[in-house]
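Undergrad: Given only the sequences and the hints, what does the whole structure look like? Please build it.
Residue numbers (the UniProt record's numbering), protein chains in the order written: chain X, 1 to 212; chain V, 1 to 212; chain C, 1 to 212; chain W, 1 to 212.
Keep in mind that the hints are not guaranteed to be accurate.
No copy labels: a pair is met if it fits in one copy or bridges any two.
Unchecked claim - Each computed DSS-like pair below joins lysine-lysine, with the alpha-carbon atoms no more than 30 Å apart:
1) K54 x K21
2) K21 x K122
3) K122 x K64
4) K64 x K21
5) K64 x K54
No wet-lab data here; the hints were simulated from the structure.
Protein chains: 4
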Amino acid sequence: MVLCYDRSMATIASVTASGSKADQIIAATRSLFVRYGYRRTSVDDIAREAGVAKATLYLHFSGKEEMFREMIRRFQLLQEERCAAAEAIETSVENKIVALIDAVYGTTIEWFENTAHIEELKSVALHEISVPVDEPVQAFRRRLTRMIKAAEERGELRLSAVGSSAQDVAQVLLFAAYGAKHAAHATHASFHAALPGIVRLILVGMIPADIA
Amino acid sequence: MVLCYDRSMATIASVTASGSKADQIIAATRSLFVRYGYRRTSVDDIAREAGVAKATLYLHFSGKEEMFREMIRRFQLLQEERCAAAEAIETSVENKIVALIDAVYGTTIEWFENTAHIEELKSVALHEISVPVDEPVQAFRRRLTRMIKAAEERGELRLSAVGSSAQDVAQVLLFAAYGAKHAAHATHASFHAALPGIVRLILVGMIPADIA
Amino acid sequence: MVLCYDRSMATIASVTASGSKADQIIAATRSLFVRYGYRRTSVDDIAREAGVAKATLYLHFSGKEEMFREMIRRFQLLQEERCAAAEAIETSVENKIVALIDAVYGTTIEWFENTAHIEELKSVALHEISVPVDEPVQAFRRRLTRMIKAAEERGELRLSAVGSSAQDVAQVLLFAAYGAKHAAHATHASFHAALPGIVRLILVGMIPADIA
Amino acid sequence: MVLCYDRSMATIASVTASGSKADQIIAATRSLFVRYGYRRTSVDDIAREAGVAKATLYLHFSGKEEMFREMIRRFQLLQEERCAAAEAIETSVENKIVALIDAVYGTTIEWFENTAHIEELKSVALHEISVPVDEPVQAFRRRLTRMIKAAEERGELRLSAVGSSAQDVAQVLLFAAYGAKHAAHATHASFHAALPGIVRLILVGMIPADIA
DNA sequence: GATGAATGAGTCTTCATTCAT
DNA sequence: CATGAATGAAGACTCATTCAT
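TA: So this is what it looks like as structure tokens:
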């Protein structure tokens, strides 16, 4: 199995490096939101964790919401970078799909440590803070569809064999991967390990005999 | 397509019928938690929505947590009832699988109106209130696996064709359905409509030529 | 030592006998106020302890305050009865004084079981409910003074020996008895046992040699 | 009569001086608890009296209980200081006893303004907040006993004359002083004035003729 | 007479945010 | 830049009392 993305290029550490005060604050924000969720984390907690006075937080960010927004922004930056890397790899379509899903969902698991509060965070982002956390997922779906279409055109996948469109296949892949990400007790490692099998099961009927 | 479960038997209305005060309170609880989540819904809000004084809530329930617990209990009762009905239908394995998934996830979508707060609620249930909301999902997985195994023994599915175990297939079905349930803007209707296609795509390689 | 008062004449049981509903309620009131104090005892608690519905309490009493007033009234009735009995005994002045103090303070200890909440109760009685709980104590002081004066006239006590008035001696006796009553962990029995020694120590300088 | 303790050394003012916010809060706490008792005083009341926002109270103290504890702590500090001063005076045993009692009970009357709520406060301290308010009183009893024993050894008191032990005499002195402190309407001044007479009456039988 | 159900006013406590220094 | 101190608004929960049955 190829290494899906070059971890040295973009790591959590590189995005949360504790250089500036702002970095410390965002690192504290991520850590606490992961552990306790948005609501249960008080601004006091963040200040204590970041080792600064509460008022200092307000020097750098307009409030709790902006700290959250910035934390998400850094996450999406990392995710985006890894996605681009995954698309650039030259390998079989199956491997590329695995790499892309891993870049998106694997990064999510890594950053958010598969926290039980992930969807409280998502819910807050969408409904109270207006961060379009769903947009990257849509982009992901489009990328995946494009990848499958290209493979079909190259003859690497035969969608006609299962009577489904590229959109349908991308959709089901995405659904299954999402489900796997949310399986209880999933870690980045377990997700990483299970992914190829899931992709293979879904694609199995579409791979021409001469390739399989 | 068969009707997955007989809606006249067990509907949300039948479980939240506004007969007693307790029913009114639980109905208000459900409605507000769906709209605003657990934390953002205050006990005052619930009292206002239910049309009773705050103290009355405490006459019927020991606190906010117990209102939540009772709301979940009623949901699980409904879900359980529909699952049993789905398992009892006599039809093709594909239809039965669709019916079972619909009984579990369709009911969830219906009850919680696919709220963006679903996982805040799940998180609160699991971590702060100790309601085992995951247990029914495990039961669901076992039922699904059993169904697939039975179909294989009857020759209705050929797992050997894709080299997967019944557990694997059940797992992927569950992952995909979970993903579909969480798709943005999914409604009970859209989920209901998409489900057969998803199930078919995953099972397509395992259905013997003489049946398909 | 003579028996200070005839217990068969007036006992707590005879005043709180659980005949009527009102009796049950007052018995519950006494028991709970002794155990938890006035504020910490809720009307719910009283209803539960008395085995009646909360609304029933309000049939018999206008509110929590009146239950308290009635409870005090019954206590004072008992105390009064025992005082009269103590005064009627024919014995030495020292014994009579002991008997009188015991009738007042011993009854208090018995009724209120030397509760730590005694003065919260007194404070509530005086300041919020306007029950003159101090009045009986003043009457007691007058009785004691009268007793001492009579003894002096009879030559049984010689106040001139210590240069104090009957009022002064009564006062100090009363102070010391009050202190003994409030000693930590005092029970009715321990108070009863310590009382003669205390009285003797205070009177010792006034007893004529021919009597002592 | 000697001045029992040098008031300029340790006064209520010096302990509650309204320098810091915490001081203001404790001063308000003392004043309100004295006037209304613990339960009847709400945190809102304290905030209003102290002239700060309610949240400010929680900045300085963890809650109502801690405000109470701190108020008691300051009282005990003052009491302790005055006791030490009383013991150091060089004068007759009678005067020293009066001075010591005044340091303990006089300070209590002064600080708590002989409030009717004194024992609700004591009860709350002992039973709900675990402040050992009885311990200083025990220390006081030991000091008093020691003082009497020393006087006996010096021949200043003759306990044999009344057939009592030093403990007994200390006990009765303490009881009587406690009673005087709790006399209705006692003020610090009236207590101060009555104390020497009370002590004298109790000690009168033990003072050798050559001294008296 | 007795009660189950209901409530308005009040309790203590927390939190995101601001401001003078 | 950084902070200690302060706060208004809101949160969950309790209680003595009332009323229709």
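Undergrad: State for each hint whether it applies.
TA: Hint check:
For the homomeric pair K54 and K21, the shortest alpha-carbon distances inside one copy (12 Å) and between copies (21 Å) are both at most 30 Å. Taking the closest pair of Cα atoms, K21 and K122 come within 30 Å of each other only inside a single copy of the chain (26 Å); across copies the shortest separation is 34 Å, beyond that limit. When the C-alpha separation of K122 and K64 is checked against a cutoff of 30 Å, the pair qualifies both within a copy, at 15 Å, and between copies, at 23 Å. Both within a single protomer and between protomers do K64 and K21 lie at most 30 Å apart by alpha-carbon distance, with minima of 16 Å and 29 Å respectively.
Both within a single protomer and between protomers do K64 and K54 lie at most 30 Å apart by alpha-carbon distance, with minima of 11 Å and 23 Å respectively.
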